[in-house]
Amino acid sequence: MMISVAEILAAPVDDAEARRQGIGFVDGSVPGYVLLLGDDAEAAPALVESLREKQIAVFVLADALAAALEAAGVPLGWDSRVVHRDPQTALGCIAHLAQIFGNANSPEEVLDYARQRLRGFTVILGTPSPESLAVARTAMAFGCPLLSTGDVEPLAVDWDGVVIGNLPPEEIVQTGIEERGLRIHVPLPELPVEYSADFAGEVVRDEGLGASLYGVELTVTGADVVDGRVRVVGPDLDAGLLDEHPYALLVEVAGKNMQSDFESVLERQVETLVNDIHGVMHRGQRANTRLRVSRKSIEKGLRLRHLGEIIHARFHNDFGNILSRVQVTFFTDPAEVEKVAARAQEVYDRRDDRLRGLSDEDVDVFYTCTLCQTIAAGHLCVISPEHPGVCGAQDWMDTRAAVSIRPVGPNREVKKEGLIDARLGQWESVNRIVQQESGGALTAYSLYSLMVDPGPACG
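All the letters of the sequence shown, read from the start, carry residue numbers 13 to 471 under our numbering.
Don't read these hints as lab results, they were simulated from the structure.
Don't be surprised by glycine CBs; every beta carbon is placed ideally from N, CA and C.
Any given hint could turn out to be false.
Quick list of simulated restraints, FRET-style, between CB atoms [as the list claims (entries may be wrong)]: (1) G193 - G421: 19 to 27 Å; (2) V238 - S461: 44 to 52 Å; (3) N117 - A434: 51 to 59 Å; (4) G89 - P346: 51 to 59 Å; (5) G451 - S272: 29 to 37 Å.
Could you build all of it, start to finish, from the sequences and the hints given here?
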C-alpha cells in the first residue's frame, strides 16, 4: 500500500538533526540519497560501501539489510550517513529538508523542491516484493527512479518514473548517479609532489629535465567508459623518456548531458590541469603537444598515472554537470601512439568541418578566451568563425560550447556592436572587453590585421 504525501509530511522527524544533515545536501557535499530495499542481504555491504565512497546518504528501509550491514561491520547512523529508518520516516526526512531549506509549505512545493534539489534514487536488491514496489512508487513522486537487480515491470504512476531492472550490483551506483544527475566530488589524489595553481607557467629547463614527450591528445565520448580507470601503455616517466619521446593521451568521457561539441572544450582543459603539478610543463594541443617533466619530480615518484588521476578528479569536479565517467589512457609505445594519432586526426578533421561555410557576417556574437593567461598574464584571444584561437585548438563552435558548459569561466560572449573598421575587423564592444580582460595590456584588437592592433600570441 502506497504511503500518502500527507502521511509523509506528518512523519516524526528530529528537526535539529535534519537541519544539521541538510546542510550537506544544500552545499553539495552530500550529492544525493538512496532508499535501499530488497531481500538480497549478501549484496548490500558492497553496495553501501560504494555509496559511502561517493558521499551519498543511504536510508536502509529493510530490517534484513540493516542486520546484514551491521554483521559486515558497516556503521549505522548519521555519522556514517547510513541510517536505518522505515519508509515513512525516511521520506519524511527528505520532505522536512524541503520545508526547511526550500521554504516549501504545500505538498506540491515540497515535492517540486525534492525533485529539483534533493536528488535520490530507490534500489531494490533481489526480488521486488509488493511492499517494496509500493515504497518505490511513492518515492517516484520525490523524483526517485527505481533500480533493481531483479526483474521489475514499469510502475503505474501519474508522473514520469524511470524503472530499470536486472542490473548487475556493480552497475547500480553509477547508473543511479547518471539517471538522477548527481554531481560527485572526487577528492584530488595524493601526489608525491605539490599541486597548486602557483606552479602554472613553470618552465622545466633542459638542465633539470627528466622526461620530454611530444605527441597527440584527444578527448572523446566513449561507450564503455570505466570511471576512474587510468592506464599507461608503454614505458613510464622513470624509463628516461627523452628527446621528445612519442606519446598520446586519450581521455574518454561519458555522461547523460555529454555532447560531442563539448569534447574539444574538455580537451583544451588538460593543459591547465596538469600545469598545476610541480615539475610538469605542458604546452600545445591536438597533435602538437609537448610534455616536459623535471628530474626531481620523477625522483620523488611522479608518474603518468598521477597525471591521469588529476585529470579524472578535476574533470569530475569542474564538469560534473555534463559527465559522470572519465577514463584516461597514456600511450608511450610508439606503435600504439601512431594508432591514436590516426584516430585523432579523423576527429580533428570532423571538428574543423563544422565551421566550413560559416563566416563572421553570419553570427551576432564572438567569444573571448583567456585560458593561456596561466602562462601569459596579458594574453587574450577573440574567437570568431573566421578567426580561431592562436593555439589552433579553440574555434567559434568550441567556445560557444564552453560558455554553455561554464557560463563563468575562461570564455565570455561578446556581441558585435559599434563597428569601427570593417577592413581591420574592429568593434567597440570587442575593444572594451579586450581591455577589461587583459588588465589594460591591450586597448584594441583587430581580427583581420597583422599590422594594426593584432591579437597577441602567448608563445
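Hints versus structure:
1. In this structure the supplied range 19 to 27 Å holds for G193 paired with G421, their Cβ-Cβ distance being about 20 Å.
2. Taking 44 to 52 Å as the suggested C-beta distance range, the pair V238 and S461 conforms, at roughly 49 Å.
3. Taken as a hint, the range 51 to 59 Å holds for the pair N117 and A434, whose Cβ atoms sit roughly 58 Å apart.
4. For G89 and P346, the hinted distance range of 51 to 59 Å is satisfied, since their beta carbons lie about 55 Å from each other.
5. Under the hint 29 to 37 Å, the C-beta atoms of G451 and S272, about 35 Å apart, fit the expected range.
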